[in-house]
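**Student:** Each protein sequence line maps, in turn, to chains D and E. Reminder that position 191 of the first sequence reads as 191 in my numbering, one-by-one numbering, no gaps. Reminder that position 47 of the second sequence reads as 47 in my numbering, one-by-one numbering, no gaps.
Hint data in this document are derived by calculation from the structure and do not stem from the laboratory. Please read all numbers here as calculations on a predicted model, not as lab measurements. Some hints could be false.
Below, simulated DSBU-like cross-link-like pairs (lysine-lysine); rule was C-alpha separation at most 30 Å, straight line [claimed, not checked]:
| no. | chain 1 | residue 1 | chain 2 | residue 2 |
| --- | --- | --- | --- | --- |
| 1 | D | K200 | E | K134 |
| 2 | E | K261 | D | K200 |
| 3 | E | K83 | E | K137 |
| 4 | E | K134 | D | K281 |
| 5 | E | K137 | D | K200 |
Next come the chains, spelled out residue by residue.
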Amino acid sequence: MTTTEDPTVPPRDAPVPIKAIPQRHPWRWVSAVVLLLLAAMLVNSLLTNPAWDWPTVWQYLFSPQVLRGLWLTVWVTVAAMVIGIVLGVILAVMRLSPNPIVNGVAWIYIWFFRGTPVLVQIIFWVFLGQLYKYISLGIPFGPQFLYFNTTELIPVLVGGLLALGLNEAAYMAEIVRAGISSVDSGQTEAAEALGMTRLKVMRRIVLPQAMRIIVPPTGNETISMLKTTSLLSVAAILELFGTVQLIYGSNYKQIPLLVVASIWYLVFTSVMSVGQYFLEKRFGRGTSPVGRAKQKANLRARREGPS
Amino acid sequence: MTTEQVAADSAVPLVVAEQVHKRFGSLEVLKGIDMQVMPGEVACLLGPSGSGKSTFLRCINHLEKIDGGRLSVNGHLVGYRQKGDKLYELKDGEVAQRRRDIGMVFQRFNLFPHMTALRNVMEAPVQVLGRNRKQAKDEALTLLDRVGLGDRSDHYPSQLSGGQQQRVAIARALAMHPQLMLFDEPTSALDPELVGEVLDVMRDLAAGGMTMIVVTHEIGFAREVGDTLTFMDQGVVVESGAPKEVIANPQHPRTRDFLSKVL
């Protein structure tokens, strides 16, 4: 009989399907009605309360001044995260090193940069010029060859960027370390048994697998960084928040301008969440349910294809 | 020991262990292991769990550091360089270099889950030996064919059965052209119906003249394929000899006791 030979085709005398009355969920309906009501109230107040001042929001949402601030926010976020991730990976690997000096340096770095407020760090970097007027290169305690004026070497924006990036590195280091530790030690042993050096084991075998653990909190950190850049406004850096602050400082329309900033922050955090989804899929190869479902579908297609 | 001594006269042993000691903290796991493995020989290690047989195997490619005695592979001390009567610890890079010639197969396969079977086999030749990808790929496909998995090359480990994963792991080790293969209970994590396919691959390998040290509970395999069988218990070698003799006529009560439980 063909039906018994091919498991994908259901046998002719299939069992009678179960007919049962599905579970009822009355509270879902109740809660949906309540939420709809609340949403309607909110929309109503947004539309009817003149204090929201939507015309002003619309006026500034795409104004060149706000867009310039937005652009600065976005690239500072990206640049600070790049610094944070690169330095964070290095620090994490250092933390796991058997060399006590390397390990200790990383520990102290993380201890310091995680232990002081990022706002203080921003101000410190921006005003570094008051602490050290000149930075020079040369022999320690001996003659110096190159002199730099600190405020010229590290302009305000670079100082702010450094502050955010160096602070982020301390957090990223711990995230990466958690990711590395989550990889089964058998993976390292197998790779070492093949003759790989420690660095190669890390780069080719451990880190790619650690990414699955590292990516979700890194997405979190990036979203957090986007908003933390608003702290740069204390150093008179005109990123998104600083820009709207400047505007409402002169026209006193605080609420609509804060709405403008919030809308842009929301738009970009949403975009980042989408990016995070794709990154997670990419690094879940061979393990994640999403990736596996796709691979299974491929397999099925291949198996059914030639037969 | 007599067969080994006869062989030792005609050739140089590949692996020599003299009074190898190993401790984890206060626990002494190896209490003076002596062993020799000739080129082309299949040496089976047998013993109850906790007897130190896996630890000894891991010492051979320096996954564990020995605390006493001497252990050498192919005339090189494992983990050290000798100059005069002084021993120098090898650098990480040198240890890695020595490991190239020793293949290892693990109980839990330890395939790289983020790579397909093919990439698992190609990884070390490309990354460690610097082979070009094309050449490495052709060779990896040949090896996968040899272990009966030519049609599974683009599968990820999670899509393979335990037996198939272990065969990929063997192919991965063989891709480095090792002089010596270490098997650490290669069939212990497998469903019973999958054990045969892995043992078949190992049998072929032995027939091809590969030097192998096999920690196993498969008495049948040891009897049929093994050239020597070493029985270990509580960190010492209790007895060793030709597998058929040791299994049929164990001399030591501990061997007798163990065999009566597993046979």
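**Student:** For every hint, state whether the structure bears it out.
**Tutor:** Going down the list of hints, with the structure as the test:
1. For the given pair, K200 of chain D sits about 21 Å from K134 of chain E by alpha-carbon distance, which is consistent with the 30 Å threshold.
2. Only pairs whose Cα atoms come within 30 Å are accepted, and K261 of chain E paired with K200 of chain D is rejected, the gap being roughly 44 Å.
3. Between K83 of chain E and K137 of chain E the alpha-carbon distance is near 41 Å, which puts this suggested pair outside the 30 Å criterion.
4. Distance hint between K134 of chain E and K281 of chain D is fulfilled; the C-alpha atoms sit about 28 Å from each other, no more than 30 Å.
5. Pair hint K137 of chain E plus K200 of chain D holds up; C-alpha atoms about 20 Å apart against a cutoff of 30 Å.
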